[in-house]
Structures are given as C-alpha cells and as structure tokens.
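Below are the chains, spelled out letter by letter.
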Amino acid sequence: MINIDALNHVQGKSIYMDDREELKGTLYAVPFDFPVAHARLHQIVTDEAQNCPGIVKVLTAADIPGENQIGGIIPDEPLFAEHEVHFWGQVGGLVIGTSEHACRLARKKIRANYDPLPAVTDPRVAKSKDMLISPPRTFRCGDTAQAWSSCDHIITGRADSNGQEHLYIETQGAYAWIKEDGSVYVASSTQGPTAVQKTIAKVLGLPMHKVEIDTVRLGGGFGGKEDQATPWAVMAALAAKVTGRPVKLALHRMDDMRMTGKRHPYSTDFRIGLSKDLKILAYEATFFQNAGAAADLSPAILERTLFHCTNAYYIPNVSATAWSCKTNLPPNTAFRGFGGPQGKFAIECAIATAARVIGVKPHEIQSANLVKDGDTFPYGQIIKNAEARHSWETCTSGFGLDEVIHEVDAFNRSNFRFKKGYAVQPICFGISFTNTMMNHARALVHVYQDGSVVVSTAAVEMGQGVNTKLLQIASDIFGVDPSRVRIESTNTLRIANTSPTAASAGADLNGKALTLACEAITARFKDLLREELGWTDVIFRHGKATDRVSKNFIMWEELVLKAFQKRISLSEHAHYYTPEIFFDKTKEKGHPFAYHVYGTAIVEVTLDCLKGTYEFDRVRIVHDFGNSMNHDVDLGQVEGGLVQGIGWMTMEEIVYNDDGKLLSNALSTYKVPDIYSVPKVIEVKHLETSGPDLAIRKSKAVGEPPLMYGLGAYFALRHAVLAFNPEAEISFDAPYTPEKIFRDLYKKPVT
Amino acid sequence: MPGTRFILNNNLEETGIHPSTTLLDYIRYEANLKGTKIGCREGDCGACTVLIGEPGDNGVRYISATSCLTPLANAAGRHVVTVEGLELSGMNKVQSAMVENSGTQCGFCTPGFVVSLCGFAIQATKIDGPEDVIGSVDGNICRCTGYKSIERACHDIWNSLQHKDTHKPLEWLAENGFIPPYFLKIPDRLKQIQPQARQENGLPIAGGTDLYVQKHDDIDDIPLHYLKTRPTDPPIIVEGRKVHFSGICTVTDMLENRFLSENIAGWYGFMKLVSSTPIRNIATVGGNLVNASPIGDLTIILLALDATIELTSPSGIRILHLKEFYKGYKTLDKQPDEIISKVSFDLPEGTRFNFEKVCKRTYLDIASVNTAISIQKQGKKIISAHCSAGGIGPVPTYLHATSEFLSGKEVSVRVIREAAEVIESEISPISDVRGSAEYKRDLLKNLFKGHFLSLFPEILTMEELV
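Chains A and B are the protein sequences, given in the same order.
The first sequence begins at 1 in this note's numbering and counts up one residue at a time.
The second sequence begins at 752 in this note's numbering and counts up one residue at a time.
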C-alpha cells in the first residue's frame, strides 16, 4: 500500500505547521542569541529592539511566569540564558512583532553585556576537566583482564566520528494561541507532543490539562524533533501568553542550524583481542561522547552506544565505558540510531585495524564472530532468532562477494588513478526504548454511526509511513475499505502521556495499542451477533461481518447501526505496553529489547586518487524485515536510511571553530546527499524470516537500523585508499571527506 | 512605483507589493498558496521551486527557478507556476509517477520535485534521455527517500514522454495529462501584459541568486535596478570564432549553446558542475563576475578563456581584461554606476580547454578549489596557455606566472611538474570551512596535473606526474 499522504504531498496540499491558516492578529517571533560560546552574562539590553517598527515585545528570562527550565532527563537547561551563556546559539530571548522580517531587523539591535569565558569543544578535554553530564556507565561481560593473555593478537586504536545535522527540510517551529480560560493550544512540529506539553506547563506555570498540543505531520524529524522541538513550542506558547495574541515561530534555516543540537560526535579508544582463528575474545572501549552544553537526551543516547558496542558480533569478554562530556556546543540530541551507530563505528574500526595488522580481510573477522542463538549480549540479553548469519550468508553468496573481491582486485591491479574498494557491513539493532518505562502507547478509536472510523494514537507521522501502517491495521481488523478509516492528528487531549515517536518503535507500540482497541470493538460486535443471531464464528472482511458456520453476513454499516441502537460502545481507548522487557541499571543487565533487527550490506566504491573524490557504484543489502506489512514504506526506509548513513560517513561535515562557532552553518557549507551522490545501484532483498510476535503483525521495526549500512561506505573508502597507498598510517576520523581522503592518499608512510 | 503584473497559475496578478519581495513570500503570504515550501531561503534545497514562463519568439519557455532568490520584479510579464497551478482533476503524470514509485515520504520537498519535473516535461525534447529527467531535479534535496524511488519515477516520466509532439508541445501535454489546459492560453494572455519600466538607478540585480543570499534581511531598504525586466538582446552572439555573452546571459544559456558545445570538448559537463538547474536558469554571468567570489566557477572558466568585459555606464563604455578586473578581496576595477554589459572571448580553432573542480559534493556545491586552462598547441608544443584557479587566494586568480611558464614549452612530465611548482609561488590559500590551506595547495597542483591528463592522455600518465 502506497503512503496514504502521497496524493496530498504531490499536490502540495499537505498541511505542515507553517501552512496552517493564520488567525487574525497573529504575531511572529524570532529568537535571539549571542555571538559567544561561553560567557558570564550581565545584562541584555532590549530597549532599542523594543522600539523598532512592528515590534510588540521582547521577552527574556525575566518574563517567564513559571520555571526557566526545559531539561528533559536532567533539569540543566534554561529556556532563555540567564547569568551564563553555555553555547553559541543559546537563546537569550524572543523578539515578537507583526512580521518575521520586522523581528529579524529588530534582533540586530539587541545588545548584551557579558564576559567571555574559555570554551571547550573537545569531549576529551571536557573529561579531563571533569566536565560531565552524568556519571560514566560501564557494560561488562566475562573478564577482559583475564582474556588478554589468551589472545594471539591484541590491537589498540582510536576512532572518531563527527556529528550530523538532521537537516529536516521543514525547520523547527510552532504556532500557539490562548483559549478562553487561559489554556493554551499549540500546533507543534514535534516527535514528542507530551514532552512539549509538560515543558510548556512547567515554564508557563500551568497544569498539564491546560496545555493542548496538536501535531499533524512533520517535514522530516530523524530525531531532531524528539526533544529539540520543545523550546520553540514553549517560546511560542510563552509569547502567546504574554501578548494574548496568536504567535507563530518558524526558525530560519541558519538559526535552526546554529541553535539546535545534532548527532553526537564521539571519540573512542579501543582494544581488541583475537585468537589465531580470528575469534574476538576480548574488547574494551572507552567512549567520550560530546554531549554539548546540556543533557538533553545524551544519557539515553550514551546507553544505546553501550548496548550496540559489539554490533552483530558475539564477544565473550567485554568492558565498555562511556563518558558523557559537557562542552560548549549546542546540546547534541537524538538522531536516527541514537548512539548505536557511534558504538558500531568503533568496533568496525577495531576490526578493520585488526584485519590490517593480522593480514586478513575485515570481512573474515566479521564473519567469524557473528552472533547466534543462545549467545548473550554484554548486557545480559540472551539471543533468540538471530538472523546475523542468515543475512550474512544470503547477502555474500546471493550477491557474490567472491566475485566482488575478484573484480575489485583485478581493477586495482590494472588502474593507477582509480581504485575500487568494498566493505561488508552487518548490522544488529535492538528494538524498544532502552528506558523500559517508555515502551507503552495508547490508541483511541471511534466508529461513527455511519460506519466510518477515526483513529488517534501517539504516533507522529514524519514521512516514515506510520499512519499508513495504522490505517492498514484498522481497516484490516474491521474488514472495511481503507477509505472508511481516517488517521487523525496526534493530539494530547485525545492521547495523553505519550512516549515520543522514536526508537523505531512508533508502529510497534501504537499499532499494538490500535490492534487492542479495534479488537475490543469487534469483540463487542461478535457478542452482539452471537446474542442476536446465534453466530459463533464471525469474521470481518470486505465490508461485512460473516458467520463462517452459517455463511450469513451483515453489512458493516448495518452492524454498526445495530450496535449503536443497542447502546453498545462504538469507541475504545486501549493501552499497550511491551511485555517481557526489563533492564536493571544497577547491574547493567537485563532484557531491554523486544527483538533485534539484522541485515548485511555490501558497499562498493570507486575513488579518483588524483582528486580524492569518489562515487559509490553499488550497495546491495539483505535486510531482515520480519514479515513486512508494507513493502513500499519499508523499502523507502531502507534506501533513505542507507543514504543518510552514507552522508554521515562521507560528505556531511560539521565544523566548529575553536571558539565554538558553527562554520558549517547553512546548506551552502553543510552538504547532504543530492540525487547525484547516492550509489548508482541500491538493491534491497528481503530476508525470509517469520518475524517476532512483539513486532506489529510480525513486521519488524525499520526506521533506524538501515542507517548503519552506511558505515560500510567508510570502510569501502578506506579499502580504496589503502589500495593506492598501502603503507599509509591512517586514522579513523569520519566523515571521510574528499579532503581527508586526499590527505590519506598522499600521506607518507611512517618510517 | 508601478505595480507588478504577471500571471500566477491561472490568475492575472497585479500588485503594489515592493518589487524586491521574494517571489516565495509573495506566493505564500500574499497569494496564500502554501504548496511552495520554505526550506533554506538560499537556493540550496529546491523546496520553493516554481516555474517561470518567459514569452519569446517560439512561444513561452518555462524554466525552473528557486522562488526564495527571485525578486517579485522578475515575475513581471511572465507566467509563474506553482504546484497548485499544475493541478488536474486527478493527478498529473508527474505526480502519479512520484506516488506510484513512493517518491515521497515526509512530503515537504515533494512539491519542489513535482514542479521541477513538470518543467522538464514541458521543455522536453526528442534527444533527452532518462538522465536528463534526473538532471532536472539536481537542485532538489530530499532528506527522506535516498532518491532511488525518485529516480524510478524519473524513468516512468521519461517513458510517458516518448510520444510527445514537440511541434505542439502544450497541446500534447494537456491532452496527455501533464499540464492543465489553461496553459494553452497563456502565450496569448502574456502578450497582453507589457513589462513595466523600472527605475534605472540603484544596485543592479539580475537573477538575485547572490544578492538575496548576501542581503537577505536588508534587501527591502536597498534601491535596486532590475536588469531582467527589460526586453533583452540575445544572451549569446557568436561572430566567427568570437563569443559574446550579454551581462545577463544565464548559465543555462551557456550550457545549451551549440557553438560552445561543439568547440569545447566537455563543455556540457563543465557547466553541469556549476550550481544546479534552477540556479543556472536564473544566475547570470555578469552577476558571477561582479560577485568576485574567489571560487566563482564561471569566473575561473572565463579567466582561462582570457575574456574581456565591457562595462557600461551613463558616461560611456570601457573594455578591460577580466584578469585585470579583480584588485583585492571583493574589490573591483568598477565604478558604482558601471554594469557589465558584455563578456567576450576568442575561441581559435583547436583551442583545448579543461575545467576541474573539487568540493565535498560533486554537484550543487561550492568548490574547495577549481581551476581552468585553455591551450593553443602544435603537436606537443604549447603555443600559448591561460590558466586560472579559485579558492587559493583572495580573488579568482589568473595564474600569470604559470601561464607564461607554459607558453612555448613542449609538454612533458618534467615541464608539468615544474609548472606545478610555479603555481605554488603565485597562490596564497587560507584555511576555512572548505578546506585547509595545505589541502587547497596540494589539491590545486593535482588538479593542474589533471588538466594535462585530460588534454594530453596520449603523452602523460598520472603515475609519472604525481
């Protein structure tokens, strides 16, 4: 089934936050910040801005009626800077006026008195100064100290991966107005309506029931609107409250890039030990996460780095420690993969280093260590239904890895200027929020008297197709045509206390809740049919309820009306929580994931060694979808995730200067893949697997895992670089931009 | 100030809104058409793409353009088409190809893609291949799909254009569900709209692709002299072997020029490296030269073609060599009232030309380093050479010493290596977001060698040169 929004999308009729009809008297708001990354703030002078044409009010921390606090996990982040500035781009206040243009001009008249303080941008420096967001975490299994003595090869190294700008094409924003009793309505472009609601309540000093958040859809999220959509909605709500008028805030792209956090850069030290037959016996890693100036979601992201630090490999002795380091950068945040990709990057660097030292190919080590049923992950979860080997074999034999190797070697022998490289990239990604308490959802279903159906859940549509999957579920259970079902906006009045749409879990959690709600209604209908007509085996198909015993049927509309007349509820609000999962943080052990998603990719690249530029020839993937409930939607997630992962590993380079100023601050300086830079061929094969019961309709979560196939791009490039310059001592420093490639191509061997 | 008159979709618009207002803001906030999206406001994402139909001798020619960088004044007398203006009772062919191939996910970039692709369909000729359909969305960024589904849609669109009647294109497109029938009446309706006269003093603005990025907030307060509102001379005139560009000749005019394609091997590919289709459609050669960006692609190309520029002002006409034009960072040998009216160069028979550019992303990106060369040769002997480079100093640089060194030399590994050392003596790169100074220096030397690998493949190999 094609995405249900597609028709409106191609006609330009889909409504995003900024497209909502504006109420009369709407004002516009533009946040202001300071050109400094760290400073003691004495005074903000707003008079001149206040007097500019069209300006209604300039807000600062002093105008906040409740708490000046927006921190989610840890209350360490003010809405507006007060006393101190912690990063370049931190908002100091808000200019409100009759047009965005007037606000932008007035913003230039804001003055601030502050004393600059030293800025720290490097997580290792922050760690050395004890600047930490939270205490370090360590995941352990076996005993690495003992294990080293039985290793034939022990290799150490360092891996650095940079951040990544989300670059949702729709920037952050919200539109707020005050209702009759002083309660506030906010249209927010957020993945987490409840977080927005809760934070507005806190900052405005309102009970949560006086704050309504409504989200129709996002123009892209990718994690960037999980926690970081909140401040803009709070500001719009605050401005509406102070002025009494509707206020819209839609960030200008350069403000968005400067003011919001990104994927976390990580710097990692690793040590890996292998036996003669390439079994990884021990792995130690120390992760330095660059959290930025406030916690945001960093502690949770740090945790997932540890969960995925061994990727798809079974390693009996592991000790991995992660430090969340506080720096003077914008608070880094969720981004597709949520720390997992950074953890996997480090182990792949360790394997690549080991392969080079030992003189084997990296995929020989990868293949020798894939997880299998009965193995235990370092966090204690015992592996069931492992598809690592299955996907590896299907990929490498189905796509002919041996031929790839042969072709690449032959090409490289006969070419000087151009070199080819390849990499095999297995993935293994756990599905569930690692914070067990977040794994719940609710769905509200109304069947109207005419048989039409409306569904509300906590799921936010941002292009991933969750609404399409929800519609499939409801129309299938009721046996009605999809056109009889509508998926409504995500609204905190209809669905309360939600978890954000994140962790790839949106379809699973909300789909399961929706299933319960629909089945509760059909159960009542079945009772009615048994009592009234004596039907004992009813199915709902093709717009009818049919008794399989008597073959009699009743039209859906007739049944609904009958039930209504019998005073049977046509509505249901159902609650679902993921069973079986738990995690004990005091022991760092448990069973945190409902299931894992597996897959394997082969990535091939051609490098122009004169220029340091490259083109990806082919990426071929065998992906474990379980029993995919929507091939169109799921294929789109794999292709899109892969390309975003390749972008992170290649051209997407975030650059801050030493003062903490973002240099890659626009689309002209921060490059994401365009249509010409994606692999010439992307081929995706479905792995035939049955799919776990905890996945919605046995269709596995698909949002985040494919991004990690993009790691293969880095290692394919590295292979090509080494084909040109075999003796070079090259570091691991993603993204592998043309500049870094060029540096490595012409690096002289260390003598 | 007279109002601006144009046709927006099927409606005649006449507005007194400030002519420097972006077309994007007019469309969204005055015409209340919300299908055109704001993504970046600097022409780098394509979410705001519209079509602009320009009346000409052969009917109306439609180009895609980024409405965020287009002044409302540039719509005058033209037909502006947004996604709403492409609506049929059902989906049009482009829209259904995008839907059927799942070419849309979050949908925010989608109207831009649809508009670009419809623009392609309108202008498509017999010789276009599927790669040209894909090329039409080279200025549209999608963050969700990974583009493969969009590529599949492009192939379907190409297939459905196979029987296009290029003699009566609009009729065929309307009959075959690409465009609504009202397009057929647009050529006549546009004839009723006379372009308005505009003030002749103020900061000259042509396509707006640079000024609207640089002066985003302040543009309303700057008096502007709109160069694209007057009926214009042909953008390119070729006299024998001499080529003349008008100042407002667009990059697309250059890319599509037959003489240049036939006489400069690889010309089309070089031009494709300049920005993206919707920007090339509106960006002008004059704008690129006066912008004085140290890495302006056209500037680097024209320096190596040893172009001259004609500066026109009320007090007369002045002609000078482009290589004399740049005096320092963003400092020009140009009076405020002078406008580049013409850019000219000779292209003697047998000219060998090459352009190299490296950036993070091959297309739609600004160079870390770019360089061009033109050579007259006899056998292995270089009669004369003109060499230029960008990104390695405060101005787009004509490499005087290197060009002089090469003249009269026979091409050999030793000569090229020595020339690369000469280059080093006349450049002064700095480290910035586009690369470190060391990288730019070494990269330029390699790209310079790349010129000779391209121009003399029978004599040289990379193995010997690096």
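Just so you know, the hints here were simulated from the structure itself, not pulled from any lab data.
Any given hint could be a false lead.
[To be verified] Facing chain A, according to a computed beta carbon distance under 10 Å, are these residues of chain B, among others:
| no. | residue |
| --- | --- |
| 1 | Asp795 |
| 2 | Met842 |
| 3 | Thr983 |
| 4 | Pro986 |
| 5 | Ile987 |
| 6 | Ile988 |
| 7 | Val989 |
| 8 | Ser1095 |
| 9 | Phe1096 |
| 10 | Leu1098 |
[Said to hold, decoys possible] Derived coverage of chain B by chain A (criterion: at least 3 residues anywhere in the stretch with Cβ under 8 Å from a Cβ of chain A; other residues may be distant):
| no. | segment |
| --- | --- |
| 11 | 880-891 |
| 12 | 1199-1211 |
[Claimed, not checked] Pairs of lysine to aspartate or glutamate, EDC-like flavour, derived with a Cα cap of 20 Å:
| no. | chain 1 | residue 1 | chain 2 | residue 2 |
| --- | --- | --- | --- | --- |
| 13 | A | Lys747 | B | Glu1177 |
| 14 | A | Lys13 | A | Asp160 |
| 15 | B | Lys993 | B | Glu1100 |
| 16 | A | Lys361 | A | Glu403 |
| 17 | A | Lys661 | B | Asp1183 |
| 18 | A | Lys13 | A | Glu615 |
| 19 | A | Lys589 | A | Glu403 |
| 20 | B | Lys1023 | A | Glu615 |
| 21 | A | Lys680 | B | Asp883 |
| 22 | A | Lys13 | B | Glu851 |
| 23 | A | Lys748 | B | Glu851 |
| 24 | B | Lys966 | A | Asp375 |
| 25 | A | Lys109 | B | Asp883 |
| 26 | A | Lys562 | A | Asp527 |
| 27 | A | Lys544 | A | Asp450 |
| 28 | B | Lys1085 | B | Glu1100 |
| 29 | A | Lys748 | B | Asp1183 |
| 30 | A | Lys747 | B | Asp1193 |
| 31 | A | Lys13 | B | Glu1214 |
| 32 | B | Lys915 | B | Asp968 |
Keep in mind the model is a prediction, meaning the values are calculated, not measured.
Note that beta-carbon positions come from the ideal geometry of N, C-alpha and C, so glycine has one too.
Failing hints, ascending?
Hints 3, 4, 5, 6, 7, 8, 9, 10, 13, 14, 18, 19, 23, 24, 25, 28, 29, 31 and 32 are the ones this structure does not satisfy, whereas the remaining hints hold.
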